[in-house]
Amino acid sequence: MHNNKKKTIAVIFGGRSAEHDVSIITAHVPIIQSLLATGQFEVVPIYIAKDGSWYSEDAMNDIAYFKQPDFEERTRRNKKLQLSFDNGFKIIRPGFPSKTISADIVFPSMHGTFGEDGSLSGLLRMANVPFVGCGLFASAVAMDKALTKQVVAAEGIPVVPYVWFTRNDWERNKSEWKEKIEKLQWPLFVKPVHLGSSIAITKVTDATALENAVEVALHYDDKVLVEESVENLVEVTLPIMGNDDLQLAATERPLNKTEFFDFNDKYLLGGKKGSGVNSAYSEIPANIPPKLAHEVEELGKKVYKTLGCSGIARIDFLIDGARERIFVNEVNTLPGSLYHHNWKKVGVSNIELVSKLVALAEERFANEQKLTRTFKSDILNKASGGKL
Amino acid sequence: MITNILSRYRPRYVRSLVYMLQASEYKIGDYFAWLRRVKDFGAVEKRKQLTKSPKALFVLGLGWLLWLAIIACGVLVVFTTFTMYGYALGAIIVLASPFLLAYGIAALLLGVHLVQKPIGAAVISRARRSLARHTAVKIAVAGSFGKTSMREIIKAVLSEGKRVAAPPHSYNTPLGISAFVKTLKGDEEVLLFELGEYYPGDVRTLCNLVKPDIGVITGVNEAHLQKFKTLESTARTVFELADFLGEKPVYVNGESELARKNARAGHIVYDKNGAGEWIVESPHTELSGTTFTLAKGSEKMSLKSSLLGLHQVGPLVAAAVIAKGMGLSSEQIKTGIARTKPFDHRLEPKTDESGVITLNDSYNGNPDGVGAVIAFLASLKSRRFYVTPGLVEMGARAEAVHREIGRELAAAEIEKVVLIKNSVTPFIEQGLKDGQYRGEVLWFDDALAAFAALPHMTVKGDIVLLQNDWPDQYA
Numbered sequence: 001m002h003n004n005k006k007k008t009i010a011v012i013f014g015g016r017s018a019e020h021d022v023s024i025i026t027a028h029v030p031i032i033q034s035l036l037a038t039g040q041f042e043v044v045p046i047y048i049a050k051d052g053s054w055y056s057e058d059a060m061n062d063i064a065y066f067k068q069p070d071f072e073e074r075t076r077r078n079k080k081l082q083l084s085f086d087n088g089f090k091i092i093r094p095g096f097p098s099k100t101i102s103a104d105i106v107f108p109s110m111h112g113t114f115g116e117d118g119s120l121s122g123l124l125r126m127a128n129v130p131f132v133g134c135g136l137f138a139s140a141v142a143m144d145k146a147l148t149k150q151v152v153a154a155e156g157i158p159v160v161p162y163v164w165f166t167r168n169d170w171e172r173n174k175s176e177w178k179e180k181i182e183k184l185q186w187p188l189f190v191k192p193v194h195l196g197s198s199i200a201i202t203k204v205t206d207a208t209a210l211e212n213a214v215e216v217a218l219h220y221d222d223k224v225l226v227e228e229s230v231e232n233l234v235e236v237t238l239p240i241m242g243n244d245d246l247q248l249a250a251t252e253r254p255l256n257k258t259e260f261f262d263f264n265d266k267y268l269l270g271g272k273k274g275s276g277v278n279s280a281y282s283e284i285p286a287n288i289p290p291k292l293a294h295e296v297e298e299l300g301k302k303v304y305k306t307l308g309c310s311g312i313a314r315i316d317f318l319i320d321g322a323r324e325r326i327f328v329n330e331v332n333t334l335p336g337s338l339y340h341h342n343w344k345k346v347g348v349s350n351i352e353l354v355s356k357l358v359a360l361a362e363e364r365f366a367n368e369q370k371l372t373r374t375f376k377s378d379i380l381n382k383a384s385g386g387k388l
Numbered sequence: 001m002i003t004n005i006l007s008r009y010r011p012r013y014v015r016s017l018v019y020m021l022q023a024s025e026y027k028i029g030d031y032f033a034w035l036r037r038v039k040d041f042g043a044v045e046k047r048k049q050l051t052k053s054p055k056a057l058f059v060l061g062l063g064w065l066l067w068l069a070i071i072a073c074g075v076l077v078v079f080t081t082f083t084m085y086g087y088a089l090g091a092i093i094v095l096a097s098p099f100l101l102a103y104g105i106a107a108l109l110l111g112v113h114l115v116q117k118p119i120g121a122a123v124i125s126r127a128r129r130s131l132a133r134h135t136a137v138k139i140a141v142a143g144s145f146g147k148t149s150m151r152e153i154i155k156a157v158l159s160e161g162k163r164v165a166a167p168p169h170s171y172n173t174p175l176g177i178s179a180f181v182k183t184l185k186g187d188e189e190v191l192l193f194e195l196g197e198y199y200p201g202d203v204r205t206l207c208n209l210v211k212p213d214i215g216v217i218t219g220v221n222e223a224h225l226q227k228f229k230t231l232e233s234t235a236r237t238v239f240e241l242a243d244f245l246g247e248k249p250v251y252v253n254g255e256s257e258l259a260r261k262n263a264r265a266g267h268i269v270y271d272k273n274g275a276g277e278w279i280v281e282s283p284h285t286e287l288s289g290t291t292f293t294l295a296k297g298s299e300k301m302s303l304k305s306s307l308l309g310l311h312q313v314g315p316l317v318a319a320a321v322i323a324k325g326m327g328l329s330s331e332q333i334k335t336g337i338a339r340t341k342p343f344d345h346r347l348e349p350k351t352d353e354s355g356v357i358t359l360n361d362s363y364n365g366n367p368d369g370v371g372a373v374i375a376f377l378a379s380l381k382s383r384r385f386y387v388t389p390g391l392v393e394m395g396a397r398a399e400a401v402h403r404e405i406g407r408e409l410a411a412a413e414i415e416k417v418v419l420i421k422n423s424v425t426p427f428i429e430q431g432l433k434d435g436q437y438r439g440e441v442l443w444f445d446d447a448l449a450a451f452a453a454l455p456h457m458t459v460k461g462d463i464v465l466l467q468n469d470w471p472d473q474y475a
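Sequence lines, in order, name chains A and B. Residue numbers for the first sequence follow the numbering used here, beginning at 1 and rising by one. Residue numbers for the second sequence follow the numbering used here, beginning at 1 and rising by one.
Derived from the structure by calculation, the hints contain no laboratory data. For clarity, every value in this text was computed on a predicted model and none was experimentally measured. You may find that some hints are simply not true.
[Stated by the list, open to error] Just a few of them, taken from the derived set where beta-carbon distance is under 10 Å, the chain A residues facing chain B: (1) Gln33; (2) Leu36; (3) Ala37; (4) Gly39; (5) Lys344; (6) Gly347; (7) Val348; (8) Asn350; (9) Val354; (10) Ser377.
[Said to hold, decoys possible] Derived EDC-like pairs: lysine to aspartate or glutamate, alpha-carbon spacing no greater than 20 Å straight-line: (11) B:Lys416 / A:Asp62; (12) A:Lys6 / B:Asp445; (13) B:Lys27 / B:Glu45; (14) A:Lys5 / A:Glu362; (15) A:Lys356 / B:Glu440; (16) A:Lys6 / B:Glu440; (17) B:Lys138 / B:Asp243; (18) B:Lys46 / A:Asp62.
[Stated by the list, open to error] Pair by pair, the computed Cβ-Cβ distance ranges are: (19) B:Gly42 / A:Gln369: 33 to 39 Å; (20) A:Ser102 / B:Pro11: 56 to 62 Å; (21) B:Glu286 / A:Val346: 21 to 27 Å; (22) A:Gly347 / B:Glu45: 35 to 41 Å; (23) B:Asn422 / A:Gly347: 30 to 36 Å; (24) B:Tyr199 / A:Phe96: 55 to 61 Å; (25) B:Ala338 / A:Val346: 32 to 38 Å.
C-beta atoms are modelled at their ideal positions from N, C-alpha and C, and glycine is treated no differently.
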């Protein structure tokens, strides 16, 4: 029976995002449950409420806490957490006496804004603590669907033709943008660029529907992407793990019930099957020709490297089944529930998945520590006056 | 410490005591033994809950009345004396009430038993007379292990040509069997009985009730050794069936060493090689089932069962030979054998949506069965998880039996052994070391924690074997 000193790992979830609830599921299934099952970690749950307040209590390690009808009210009665970035990431649980817990590693489990968009990675980078998953730069680019297309297209990776604009652009010069959009091949998809889980995405076939769809998208975001839809569409997605050496899961094909794969398909309907994510509506591995499957894998690795992903990410593709053409659609730097159902199919258990992600976080952190960030200079002495 | 003491003063305490009585099958000795071990009465209902049977509810009511009566006595002492000694005595009675209750409830139960005994005796006597009039062939199955499986196999095979009835679940006590007899229609051609053995003489009593024509002895081993004290005593009790049958047919499982040693001239020994003149050819087992050919001279039957493991071949052969003796055709036997399938919690395979195959063998808690299952696991190619809290009631043989399990697991090169922390699993770990085990041992505080963790450890194609359950009274 082993009794090694356990590492303390803080799992951060919830957050001010439309995907707040999904984040709670990901945090528990598989992250917290698997970390606890290893017997090697002290798991500290850190929950960020929808109003942005931070809380932590041991009961939050159990997803049952968040299934209580009055959990939000119960949480609000708790004292808020205090944080310290003094040489590491420490949380201070208020009380008498207060308890300070120093996290050896942080496992962010936040989807969408403020979590997956690089905000949290930036905070943890400042705190100089190892954390799981993509860093600030990859997260920030991947969170913006238009920016992702611009970056990967610059590397010669195929993307469908698109137009993007901000709320300001649209309000000031709607007709000019509509003209640009007219030049695309219809039908089109209208998407808020920063939201995940297919929230507020609309497929449009005429100008009236387009205006409505843009209004809906601008309700959620101030930047909108309008892109061509792919005919004979086969959607596939590929989860990838690693820093320098990449490990691929299976190429998975979501089997859509509706016109496109929306939030309900992804989480709510699939959730009923008990697996958290859409395993009931997926084909793993995707039944596509081997040549296409190989191409998807190669493109997936190229996108991962281009964006500078680390830890884990999931690349979504659109395939024109008739013309056998593949387009990269978007990148998700925290796949819902880490896509553990898919990893299991390729022989990676939940415990192996979270343990490897933790190891990758430590590896990246160790490499970053070797970099020289500061150096001595006498520039301040010269700054006494005049031009430097 | 304080929690443990306070757990005796909570309202739930009465329910805990009744649960302990129920889980001990109202056997006062077992209940007392458990009572002495319990520290926290708030945690006795861990794996199971109190089943609210009429008897349990009656005892629960009785328990509450008794507790209130004891407390009332204490209060009465105070109010009738109004002296320092009176206060002290009253306080002592109230404080000691949980302890008095724990033993008082057992005494009350003994009283209930005394009332129940003549009623039970009348029910059994009626069943005995009813059975004596019944014209069906009566088959009795006795043994330390494998009785229910044997009963189900024989039932599946004989049902192809005969009207067969057998008590449901594991009804194997005089009262259980008597309740079943009441349900008979009278036109049954075969009646099948499982004879339970808990104490010496049990099998003889059941034989006198059932009066079997054919006997099957499935084996003798350490099961219930704590009660039998010696294996010889277990063997004598199981073979009370052979004593009763005398010259009538008795089938004995040759794969159980102690059963084989006790078999007498005229007994038909069955094992994976055959039974009597019937020889087993080309046996094969895999996750989808077991196949073999049963041959006697030029007569051959190619048989396939969904039961898993070569240890099932012997019982299947015994059932086929009994059926043959009762006039069933080869075709009927073949269909009957094909109908046999894993029973609940006895090497029952299930594949979940992630593609993980779970073999639920949680009702198998005897060393022979465990050995057979490990041998079956050894024949499988996938990554294997063996999950066990060890075996209960192994008495003085606990260390030897569990070390042997460890050595068998090491020899079978099982990749992951998941052990639940308790008094016997360290012996399995020791056995694994003896066998120079190269896989991984994973420890869990309790079975529920292990079950919760398993989905996170496994991947598509993995095989998870859940071996034995560890009821609350052994915690």
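If any of the earlier hints don't hold here, list their numbers in rising order. Hints 10, 11, 19, 20 not satisfied by this model.
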